[in-house]
Amino acid sequence: MKHTKTHFIAIHFLFIICIVIATGCSVHKKTPTFQLKEKKELTISLNEVYEEKGTTIKDCDIKGAIDTSKEGTYTITYTADNQSLTRTIHVADPNRITINLNGSKDTYVKEGDPYIESHCHVIDQKDGNLSNKVNISGKVDTSTPGDYPIIYSVTNSTHYTKEITRNVHVIAKKQFEENTAGIPVLMYHWVYTKDDKPEKMDVNYIKDTTLAEQLEYLQKEHFYYPSFEELQAYIQGRISLPKKSVILTFDDGRNVFLKYGIPVLEKYKVPATSFVIAKDQGKAKVKKYASEYISYQSHSYGMHTGGGNQGHGGIIYAMTKDEIVSDLKRSQKIVQNKEAFAYPYGDVSEDGKSAVKEAGFLCAFTTHYGKCKKGDNPYALTRVRVCGDYSLTQFKSLVN
Numbered sequence: 001m002k003h004t005k006t007h008f009i010a011i012h013f014l015f016i017i018c019i020v021i022a023t024g025c026s027v028h029k030k031t032p033t034f035q036l037k038e039k040k041e042l043t044i045s046l047n048e049v050y051e052e053k054g055t056t057i058k059d060c061d062i063k064g065a066i067d068t069s070k071e072g073t074y075t076i077t078y079t080a081d082n083q084s085l086t087r088t089i090h091v092a093d094p095n096r097i098t099i100n101l102n103g104s105k106d107t108y109v110k111e112g113d114p115y116i117e118s119h120c121h122v123i124d125q126k127d128g129n130l131s132n133k134v135n136i137s138g139k140v141d142t143s144t145p146g147d148y149p150i151i152y153s154v155t156n157s158t159h160y161t162k163e164i165t166r167n168v169h170v171i172a173k174k175q176f177e178e179n180t181a182g183i184p185v186l187m188y189h190w191v192y193t194k195d196d197k198p199e200k201m202d203v204n205y206i207k208d209t210t211l212a213e214q215l216e217y218l219q220k221e222h223f224y225y226p227s228f229e230e231l232q233a234y235i236q237g238r239i240s241l242p243k244k245s246v247i248l249t250f251d252d253g254r255n256v257f258l259k260y261g262i263p264v265l266e267k268y269k270v271p272a273t274s275f276v277i278a279k280d281q282g283k284a285k286v287k288k289y290a291s292e293y294i295s296y297q298s299h300s301y302g303m304h305t306g307g308g309n310q311g312h313g314g315i316i317y318a319m320t321k322d323e324i325v326s327d328l329k330r331s332q333k334i335v336q337n338k339e340a341f342a343y344p345y346g347d348v349s350e351d352g353k354s355a356v357k358e359a360g361f362l363c364a365f366t367t368h369y370g371k372c373k374k375g376d377n378p379y380a381l382t383r384v385r386v387c388g389d390y391s392l393t394q395f396k397s398l399v400n
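With the first letter of the sequence shown counted as 1, position 235 gets the number 235 in the numbering used here; the numbers rise by one all the way through.
Among the hints, a few may not be true.
Label pairs and their computed distance ranges (CB to CB) [what the hints assert, rightly or not]:
#1 GLY237 / HIS169: 15 to 25 Å
#2 ALA318 / GLN394: 33 to 43 Å
#3 HIS222 / GLY138: 39 to 49 Å
#4 GLN125 / ASP147: 32 to 42 Å
Calculated from the structure, these hints are not laboratory results.
Glycine included, each C-beta is placed from N, C-alpha and C at the ideal position.
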C-alpha cells in the first residue's frame with residue numbers, strides 16, 4: 001500500500017495527540033510562574049496581626065514564624081516545584097520615634113514673605129538622634145494665599161517610617177495682623193505639684209496647675225509659637241510674624257520640669273524649649289523625655305557655675321573665646337541641636353557672643369528683660385521672666 005504525504009502528516013498528528021492524552025497534559029495549560037504576592041520586604045507595627053500574603057502558587061510549602069510581640073527581622077520561606085522564595089518581615093515599634101517640629105504645627109506666613117523652613121528634631125529610643133535623616137517634601141508658594149502641607153518623614157533601623165505634617169497657611173497681606181511690639185520669649189525654670197513641693201520655694205518654681213492656666217489662655221487666644229529660625233528672620237527684618245506670637249523656654253533641664261512640665265505642654269499642645277545643662281545627664285534626659293512638644297537646646301556643657309567677677313558671677317567671664325567655643329560644641333554633641341543657646345546665669349561677654357556665633361547657633365538668650373525686636377543682636381537677645389507667683393492677669397500683661 002502506497003502512503004501519500006497527506007497520510008503521513010495525519011498519522012504524525014494522531015501520534016502527538018495520543019502522547020498528550022497519555023501524559024494527561026493540555027497543550028494550552030501553563031504552569032504558573034512562582035512569584036511572591038505583594039512586596040518582598042514588609043514592615044509591620046509591634047503587636048499588629050500579620051496577614052500572610054502568599055505566592056502565585058497556592059499550595060506551596062511555607063516555613064517560618066513571626067513574633068509580632070517583639071521587634072526584629074523575620075524571614076518566611078516559600079517552596080514549590082523545587083524552587084524557593086523568601087520574604088523579609090520587619091516588626092517595628094512606632095513609639096520608638098518622636099518627631100518634634102520646631103515652632104507651630106500650623107505655620108502662618110504673610111503673603112509675599114519668604115517661607116522659612118523650621119525643620120524638626122527626631123529622637124529614636126534605640127537609634128538616637130535621626131534629625132539628619134529626615135526627608136522633607138512639599139512646596140510653599142507665598143505669592144498665592146492658601147494652605148500648603150509640608151511633610152517630614154524619617155525611617156529608622158527597623159525600616160519603620162514615621163511622618164508628620166506641618167500645615168503652612170499663606171495669609172493675604174490685607175488679612176495678616178502682624179507683630180510690631182516685639183516677640184516675648186518667656187523664661188521659666190522649674191515646675192512642681194501639690195504632692196511634690198520643693199523644700200525651699202522661690203519664684204523660679206511654678207505650680208503645674210498655674211502653668212496649665214497660662215497655657216490654656218494662650219491656646220484659647222490662638223497665640224502663635226514661632227521657631228528660632230523664624231525669630232532670627234523676624235529680627236533680621238526678612239519676615240513678619242503674627243501679632244499674637246510668643247516663645248516658651250525653660251532653663252536648666254531639671255527633672256522637676258521634665259517630669260511635671262512636659263505633660264502640661266503636651267496636654268495643651270504648646271511647643272516649648274528646654275535649655276539643658278549638657279553635663280547633667282543631658283543625653284539621657286533628651287532621650288528619656290523626648291516629646292513632640294519639646295525642643296532640647298544648649299545651656300552649655302559646664303559653664304553653669306560661678307567663677308567670674310562680672311554680671312552674676314558666671315564662669316564665662318573667666319574663659320577665653322576658644323574655651324567657650326569648646327564648651328558649646330561639646331554641649332551640641334550631647335543635646336544634638338544648635339538653633340538656640342541660653343547663657344548660664346544670663347551672663348554674656350563679648351567673647352561669649354563671638355563664640356556662640358562661631359559655634360553655629362542661630363540665636364542666644366540672656367536674662368535681661370524685654371521683648372525681641374527687629375534689629376536686635378541675635379546673640380544677646382532678651383527674655384521675659386515668668387515668676388511662679390504671678391497671677392493670670394500679670395501673665396496676660398507679659399504676652400500682650
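Outcome of range test on Cβ distance (ALA318, GLN394; 33 to 43 Å): Since ALA318 and GLN394 have Cβ atoms about 37 Å apart, the given range 33 to 43 Å holds.
Do the beta carbons of GLY237 and HIS169 sit within 15 to 25 Å of each other? Hint holds: Cβ distance 22 Å, inside 15 to 25 Å.
Using the beta carbons of GLN125 and ASP147, state whether their distance is inside 32 to 42 Å or not. holds, 33 Å
Between HIS222 and GLY138, does the beta-carbon spacing fit 39 to 49 Å? At 24 Å between Cβs, range violated.
Checked against the numbered hints listed earlier, the structure breaks hint 3 alone; every other hint is satisfied.
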